[in-house]
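First to last, the sequence lines map onto chains A and B. When we follow our numbering, the leftmost residue of the first sequence carries the number 35, and every step to the right adds one. When we follow our numbering, the leftmost residue of the second sequence carries the number 35, and every step to the right adds one.
Where hints are given, some of them may not hold.
Straight line, CA to CA, 20 Å or less: simulated DMTMM-like cross-link-like pairs of lysine to aspartate or glutamate [stated by the list, open to error]:
hint, chain 1, residue 1, chain 2, residue 2
1, A, K217, B, E156
2, A, K217, B, E55
3, A, K139, A, D168
Label-pair distances were calculated between CB atoms; the ranges are [what the hints assert, rightly or not]:
hint, chain 1, residue 1, chain 2, residue 2, range
4, A, E117, B, S76, 29 to 35 Å
5, A, G195, B, K217, 27 to 33 Å
6, B, M35, A, T136, 51 to 57 Å
7, A, E117, B, E113, 31 to 37 Å
8, B, I38, A, M204, 29 to 35 Å
9, A, G195, B, I38, 23 to 29 Å
In case anyone wonders, no lab produced these hints; they're calculated from the structure. By construction, the Cβ of each residue, glycine as well, lies at the ideal position given by its N, Cα and C atoms.
Protein chains: 2
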Amino acid sequence: MPGIGEKSATRLVYWLLRSPEGTVKNLAEALLAVAEGVRECSICCNLTALEPCAICAAHHRDEKLICVVEQPQDVLAFERSGEFRGTYHVLHGAISPQDGITPDKLRIRPLLERLRDGRVQELVLATDPDVEGDTTALYLSRLLHDIPVRVTRLAQGMSVGTEIEYADAMSLARALQNRRDFK
Amino acid sequence: MPGIGEKSATRLVYWLLRSPEGTVKNLAEALLAVAEGVRECSICCNLTALEPCAICAAHHRDEKLICVVEQPQDVLAFERSGEFRGTYHVLHGAISPQDGITPDKLRIRPLLERLRDGRVQELVLATDPDVEGDTTALYLSRLLHDIPVRVTRLAQGMSVGTEIEYADAMSLARALQNRRDFK
């Protein structure tokens, strides 16, 4: 489990062994209920207990704008920012051949399905700004080349509140390359 | 001194007191030599022992492109990135009224001097992406409004290698606002 090393695991096991009768059984049942109750939304592929998910079902969300992310956690990050009023599409990963993650492992087909009726106007490719995320964005932009939809990518540059003095060389280089007119 | 608290200071003083005769004197003389030998470059206002500084004197740097930064350390950050082939202008601070740093405290007049002969084609406003840096960039862009020079700002968004899941809300919002066409 992420963030749980040998020491934490040992501590947890002993805590479980010392816990009152029934605790372990309750925990196991709760885990099963979660695993059974949570599925992928048939529209956006995000994990959800509802069908479709709350975001796809919401009337006030802009269905013409789709933010394409790698993981369900990324949806939460955007929702926290409060900046995005469109819908999402969760790929469940990023292209990484050395890890065996090829494009067919991602939820790309359901994304293309969503574009079929021509109502979607813009896809924001919001995969991570790293090698796998950039590769995935490039792959998608080529795949979408002949489909009449606007394709954009999240801006890359200096993140808010960082100091240039301590910025990494790559981010500074991108910030320079992507500089914008300011007058 | 930055990064030196009470404990470090005490340790340093004791080290100096225990050091062989002459050490303190040598250190003091070295400090004076540094203070005497280092001045502001008459062109870019960066700290330098030469006049003009090595960057302003270099023939292969593009004098038509000026990167405007807050501090001498920012010049080092850009030089490390290896991306920038123009020259710099060091403001020696950013506008911050509550700290008493008003525009007249910055090296803005020497910057305007450099624009006078019309040879400079672009100013990249590379002040920090924080309140003071943004304020300074806005102030400069207004000041330069009627001067025929292109004014750009470093791109703001996701820094390279960050994960969207852990990105701060402000950076995500900027990355969305500044998204660019990618097809």
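With a cut-off of 20 Å on the C-alpha distance, tell me whether A:K217 and B:E156 pass. Satisfied, since the Cα-Cα distance of roughly 11 Å is no more than 20 Å.
B:I38 and A:M204, beta-carbon distance inside 29 to 35 Å? holds, 31 Å
For A:E117 and B:E113, compare the CB-CB distance with the range 31 to 37 Å and indicate the outcome. holds, 34 Å
CB-CB spacing for B:S76 and A:E117 relative to the 29 to 35 Å hint: violated, 45 Å
Starting from the range 23 to 29 Å, see whether the pair A:G195 and B:I38 falls in it by beta-carbon distance. Since A:G195 and B:I38 have Cβ atoms about 25 Å apart, the given range 23 to 29 Å holds.
Holds or violated: the 51 to 57 Å window for the beta-carbon distance between B:M35 and A:T136? holds, 54 Å
Decide if the proposed pair is consistent with the structure: A:K139 and A:D168, CA atoms, cutoff 20 Å inclusive. Distance of about 17 Å is within 20 Å: holds.
Do the beta carbons of A:G195 and B:K217 sit within 27 to 33 Å of each other? holds, 31 Å
Sort out whether B:E55 lies within 20 Å of A:K217, counting only the CA atoms. The hint is violated at about 59 Å.
When held up to the earlier numbered hints, the structure conflicts with 2, 4 and fits the remainder.
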